[in-house]
Structure formats: C-alpha cells, structure tokens
Amino acid sequence: MAELQGLGAALSEAERAGVEILAVSPDPNERSQKLADGLRLGYRFLSDRDLAVARRYGLVHPRGGPSGEDVPRPATVVVDRDGVVRWVSISSNFQVRPDPTEVLRAVRAL
Amino acid sequence: MTSTWLVILSLAIALGAPVAYALLLRVPVVRNHPEGYVVAFAVAAALAGFAVARARTRRWPAWTALALTSLLLIGGAWFNFVGAQVPRTPTALRVGERAPDFTLTDAAGRPASLADYRGQKPVVLIFYRGYW
Chain A
792 MAELQGLGAA LSEAERAGVE ILAVSPDPNE RSQKLADGLR LGYRFLSDRD LAVARRYGLV
852 HPRGGPSGED VPRPATVVVD RDGVVRWVSI SSNFQVRPDP TEVLRAVRAL
Chain B
1303 MTSTWLVILS LAIALGAPVA YALLLRVPVV RNHPEGYVVA FAVAAALAGF AVARARTRRW
1363 PAWTALALTS LLLIGGAWFN FVGAQVPRTP TALRVGERAP DFTLTDAAGR PASLADYRGQ
1423 KPVVLIFYRG YW
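Protein sequence lines, in the order shown, are assigned to chains A and B.
Quick note on the numbering used here: the first sequence kicks off at 792 and runs consecutively.
Quick note on the numbering used here: the second sequence kicks off at 1303 and runs consecutively.
Please keep in mind that the hints were generated in silico from the structure rather than gathered at the bench.
Possibly wrong hints are sitting among the right ones.
[To be verified] What follows is a list of derived Cβ distance ranges for each label pair: (1) A:Ser883 with B:Val1321: 21 to 31 Å; (2) A:Asp873 with B:Leu1326: 35 to 45 Å; (3) B:Trp1362 with A:Ala843: 50 to 60 Å.
Glycine included, every Cβ here is placed at the ideal spot set by N, Cα and C.
So here's chain A without its partners, still in its complex pose (with noise of 0.2 Å):
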C-alpha cells in the first residue's frame, strides 16, 4: 500500500482539506478500517467487494488475483468540482504506481 503513502505524505495540510481522496478496492471494511488506522492519512477507504464500481469504470483486470479472482486495475483518477475526469494513470504492470508527485501536480492544475 505504499503508493497511498506517498500522496498523503507529498500533500500539505491545506491542500489535504481541499481534496477528498477516495480508496476503492475489493477489500471488505473490516480490512479497510485496519489499513486506514495503520496509515492514518484521512482517505476513504471504500469496499468494492463485488468490483461494480471497477466495472463500471472499466478497470477490471480478469482472473489477475492471486488465486485467479477478478481484481481491480490499479488506477488513479483526478476529477475535478464539477465530477469531470481531469487526469487518469492506468498500470500496466501491477507493480507500478503513479509517482505522488505527479497526481500532486494534476490536482493543483485543477
């Protein structure tokens, strides 16, 4: 979970107040709430359990689990006030995570 570190880490106070980072991932609350209190970086971490959502959106990676269930793509979306895609990064290895840096300037370009 390193990369939901890093952007927590790279946005200040200020800018923390100002933009609402939601964590979408299959995980049931439960898990969800252990992670949050061991980061304690505000986000909100929400279950997906049944991947609707990554459906929806199209960022379903198939039988990419470990065991050879449906997960989620990783992915970072920026949308700005009035609900609008601003910034995508899509992996395409799972291993690799946009650089905070780079989300960061994506939200001060809104």
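Fit chain B to the supplied structure of chain A, relying on the hints for placement.
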C-alpha cells in the same frame, strides 16, 4: 577475484535486490522500476558463472550459486514481464468527460457517493488491488 568471493558477491546481490526493492517500495523511482531486480538477478547469475569458471577444486558452491541465481532470474523475469502485466482493456474513463457516479460504503459503514463531492471539492480516486 577468487571463486569464493564471486559466489558471496553473487548471492549478496541476488538476495539483497528483492529485499531492497521491498524496503524501498515507498520511493517511486524504485517502485516504478521493478525491472531493476531482474537486472540484479542477471548480474548475480553472471558473477556466479564467473565463479564456476574460476573454481579450481571445490566447485559445488559456485554451481549452487549459479543454479539459484538462474532460477531467480527466470522467475523474476517471468513475474515482471509476464505475470505482473495488466491487459490494456478499454476503460470508461475519458479526460474531459464526467466520471461515472457510484455509491459505496466506507470503512465506517457510511455510504459515500462521488456525487456528494460535486460542487464541493475535487476527488482523487485510487483503485487498488486490496491489501493482502
């Protein structure tokens, strides 16, 4: 360099690279170049090969190192260049278009919709595979 030292160096690189990668996952430059550990395995395998060539009497440590580093190289290369690749399927995301709305529950059990933030503040959506 003697065969023994080449074996030690080879194993140190082969075992140190994945440990260093895991420890430095928070550093984007390291994290986003996973091919680095594959290169390290290749260097380690090459050093083990030299160790085999240089060994005079006791040859098994060099052969063992060569076998181990070759396995790591094959396994690491497969994982990075095949196993970890994500198929480039079309997404519903277009820059300049409205993000599809959704409602999910957060870790505290409260419902959260993307629409809640409309007119309020920008949102960064991070889709991740889960915390295994």
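Here is what the structure says about each hint:
no., hint, result
1, A:Ser883 with B:Val1321: 21 to 31 Å, "26 Å, holds"
2, A:Asp873 with B:Leu1326: 35 to 45 Å, "38 Å, holds"
3, B:Trp1362 with A:Ala843: 50 to 60 Å, "56 Å, holds"
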